[in-house]
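Colleague: Chains as they are written, first to last, in full-length UniProt numbering: chain A, 1 to 384; chain B, 1 to 384.
It should be emphasised that the hints constitute simulated quantities derived from the structure, not laboratory data.
The calculated lysine-lysine pairs, modelled on DSS-like cross-linking and capped at a C-alpha distance of 30 Å, are:
id, chain 1, residue 1, chain 2, residue 2
1, B, K147, A, K232
2, A, K147, A, K165
3, B, K232, A, K96
4, A, K96, A, K165
5, A, K147, A, K232
6, B, K96, B, K229
7, A, K96, A, K147
8, A, K147, A, K229
9, B, K232, A, K232
10, A, K165, A, K223
11, A, K223, A, K96
12, A, K232, B, K96
13, A, K289, A, K165
14, B, K96, B, K165
15, A, K147, B, K232
None of these values were measured; they are calculated from a predicted model.
2 protein chains.
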Amino acid sequence: MLSVPTNSVSGINAFMPPRRTLMGPGPSDVYPEVLAAQARPTIGHLDPLFVAMMDELKSLIQYAFQTNNEMTLAVSAPGSAGMETCFVNLVEPGEKVIVCRNGVFGERMRQNVERVGATAVVVDNEWGEPVSVSAVEAALNANPDAKFLAFVHAETSTGALSDAKSLCALAQQHDCISIVDAVTSLGGVELRVDEWGIDAIYSGSQKCLSCVPGISPVSFSAKAVEKIKSRKTPVQSWFLDQTLVMGYWGNKDTGAKRSYHHTAPVNALYALHESLRLLANEGLENAWKRHQDMHQILRDGLEQLGLTFVVDETCRLPQLNAVYIPEGVDDAAVRQQLLNTYNLEIGAGLGALAGKAWRIGLMGFGARRENVALCLRALDEVLN
Amino acid sequence: MLSVPTNSVSGINAFMPPRRTLMGPGPSDVYPEVLAAQARPTIGHLDPLFVAMMDELKSLIQYAFQTNNEMTLAVSAPGSAGMETCFVNLVEPGEKVIVCRNGVFGERMRQNVERVGATAVVVDNEWGEPVSVSAVEAALNANPDAKFLAFVHAETSTGALSDAKSLCALAQQHDCISIVDAVTSLGGVELRVDEWGIDAIYSGSQKCLSCVPGISPVSFSAKAVEKIKSRKTPVQSWFLDQTLVMGYWGNKDTGAKRSYHHTAPVNALYALHESLRLLANEGLENAWKRHQDMHQILRDGLEQLGLTFVVDETCRLPQLNAVYIPEGVDDAAVRQQLLNTYNLEIGAGLGALAGKAWRIGLMGFGARRENVALCLRALDEVLN
Numbered sequence: 001m002l003s004v005p006t007n008s009v010s011g012i013n014a015f016m017p018p019r020r021t022l023m024g025p026g027p028s029d030v031y032p033e034v035l036a037a038q039a040r041p042t043i044g045h046l047d048p049l050f051v052a053m054m055d056e057l058k059s060l061i062q063y064a065f066q067t068n069n070e071m072t073l074a075v076s077a078p079g080s081a082g083m084e085t086c087f088v089n090l091v092e093p094g095e096k097v098i099v100c101r102n103g104v105f106g107e108r109m110r111q112n113v114e115r116v117g118a119t120a121v122v123v124d125n126e127w128g129e130p131v132s133v134s135a136v137e138a139a140l141n142a143n144p145d146a147k148f149l150a151f152v153h154a155e156t157s158t159g160a161l162s163d164a165k166s167l168c169a170l171a172q173q174h175d176c177i178s179i180v181d182a183v184t185s186l187g188g189v190e191l192r193v194d195e196w197g198i199d200a201i202y203s204g205s206q207k208c209l210s211c212v213p214g215i216s217p218v219s220f221s222a223k224a225v226e227k228i229k230s231r232k233t234p235v236q237s238w239f240l241d242q243t244l245v246m247g248y249w250g251n252k253d254t255g256a257k258r259s260y261h262h263t264a265p266v267n268a269l270y271a272l273h274e275s276l277r278l279l280a281n282e283g284l285e286n287a288w289k290r291h292q293d294m295h296q297i298l299r300d301g302l303e304q305l306g307l308t309f310v311v312d313e314t315c316r317l318p319q320l321n322a323v324y325i326p327e328g329v330d331d332a333a334v335r336q337q338l339l340n341t342y343n344l345e346i347g348a349g350l351g352a353l354a355g356k357a358w359r360i361g362l363m364g365f366g367a368r369r370e371n372v373a374l375c376l377r378a379l380d381e382v383l384n
Numbered sequence: 001m002l003s004v005p006t007n008s009v010s011g012i013n014a015f016m017p018p019r020r021t022l023m024g025p026g027p028s029d030v031y032p033e034v035l036a037a038q039a040r041p042t043i044g045h046l047d048p049l050f051v052a053m054m055d056e057l058k059s060l061i062q063y064a065f066q067t068n069n070e071m072t073l074a075v076s077a078p079g080s081a082g083m084e085t086c087f088v089n090l091v092e093p094g095e096k097v098i099v100c101r102n103g104v105f106g107e108r109m110r111q112n113v114e115r116v117g118a119t120a121v122v123v124d125n126e127w128g129e130p131v132s133v134s135a136v137e138a139a140l141n142a143n144p145d146a147k148f149l150a151f152v153h154a155e156t157s158t159g160a161l162s163d164a165k166s167l168c169a170l171a172q173q174h175d176c177i178s179i180v181d182a183v184t185s186l187g188g189v190e191l192r193v194d195e196w197g198i199d200a201i202y203s204g205s206q207k208c209l210s211c212v213p214g215i216s217p218v219s220f221s222a223k224a225v226e227k228i229k230s231r232k233t234p235v236q237s238w239f240l241d242q243t244l245v246m247g248y249w250g251n252k253d254t255g256a257k258r259s260y261h262h263t264a265p266v267n268a269l270y271a272l273h274e275s276l277r278l279l280a281n282e283g284l285e286n287a288w289k290r291h292q293d294m295h296q297i298l299r300d301g302l303e304q305l306g307l308t309f310v311v312d313e314t315c316r317l318p319q320l321n322a323v324y325i326p327e328g329v330d331d332a333a334v335r336q337q338l339l340n341t342y343n344l345e346i347g348a349g350l351g352a353l354a355g356k357a358w359r360i361g362l363m364g365f366g367a368r369r370e371n372v373a374l375c376l377r378a379l380d381e382v383l384n
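Let the sequences and hints guide you as you build the complete structure.
Modeller: This is the structure:
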């Protein structure tokens, strides 16, 4: 006898999602090749063929990040867990972190710092603005005991791009370890981990990589690895402890051999492998250019519709277009009509921009002329 | 100019995994229907149709666990993260937890307890033995200040089944919250969360549910929810903080509405939905019986081959058959031959059983006559 009887769920049918065009802040449209890769037969996470695939995957992540960092891998969980991986491994209780906050994800970084028992010194910028390099310099000067500088490269909540190169140079001058959120930037705009001296970086699978959501590529510089190795306290998370995880991914720095840590999300890693392979086939610089080209066409069209951008052109992300909702227009009704009539998803505003802006994504496989055309025509029909 | 040039990865081809028969400790053979479900188009994690799918998924998880717990959901990461979800949300620094250790996963529980700054009182049993109910009773009597009892229902490292019903009854008598690892038990052997009074439970997608790896179903009783709500300290993990996650999954207890927390692993949740639907179509009790039936046929065959079981018949898991490697037999060579010649994966020993035992899984879709026959015949050919 079952206390929750079988007939309580026997009416549930197989879930058949509609075909949407995803132009929100992510997940983005997934490459058909990635969906197909993911559906290939599951093999064991210690199978020699799977381990060889992981070696390729590591090279592909290194390419996308433009780094030779040995400690480069995919966290078996979404970008939020990638963020947490960086903070819990690097930052110890009582240490000081300069955290730049110009949107939702900078604030989330601050919460991560607090949850490891460290101190966050917050550098605030208005939503929609990039991180102020001069304000960060002032904060670094005022806090010589700060050990980290953390900022978001591409703020998904506003569409603002910050100057990661200058910020990381400042961090180096002040002997700080830089922690960079590249969830929305990776694959969509210029990003050069080694050249810019980024120490710790995380991203997500579901933005400009156009992979299924759920995986977070991360990379740590030699300096960051040194910091992890010299910790005085254990990493508070067992699941995210990189000294254990690298035992599975293999690491020449630590000399670790493949050993069981947790069961890898096998099929999701097939998907990430395929999406990064497609990125490499296109070429990283070509992908950056494509995002910019598509953005310009979208921008012209949106401006013709009378919509204005939240972010100034000088620091605007091509892949995340936040525009103000015109006065008198019903936010939810428009998005619902786009979804129901055109199978088109655009994003709502988040945090300070909730109800005030829409976020239109042009990410990865989604950054195509047909998507731009659909979006512009559908918005035109719904708004006018 | 790219510092990591495109041609460094341009030789990487699409990954084409072989078709294995997975009879290790997990991942298990995935249902073809689940692979197909996972390959359906990605839609937004806030899409009304996706949210409706999540409501169904919650009902399906409740059915599999046999619980009406409102706080029932899928953690967006593997079973190890499900374990950590239970410990970081429930246990506060300085609290005392009775941890039963009869294999790798009990030890991992102890490490989780230590990493939240709590005190673990370990009740040890030999590897291959179940948790001793009388030893736990003695520990509870000796530690009246203990607030939790944590144990593994089905030890994946040995194949031993513990008496969850009696252990949870003891926990209730001592006003302790029970935390139960059901990674390998869910769907394979009798498990009744509400009837047995289990307070917190986690599982994995890749064992007897025959779903792709990477997702962890969890459930918390009203008593556990009360404990989480009355915490004096914040949950140390932002990503796993259930008070935040439930804002996305929706919870009548907390009155929380759907709001963004992290991007759900959309396609992996399609997969879990489908695997649980297949379980419900079969019926939970029929699935339990099928695992037992297949085990008996496998057991007879293995014993005919002269192999002996690590675990006594009275507490042996049908889905995880640990047998001693015969003297003089090369562990790795046999497993390699099974893999290369027969595309058959069986598991190596783990921890104290490394090099001493094989672990043969009969999990979910893998618990079929054809798999039993293949395994027995291939072992016979390789060993004789």
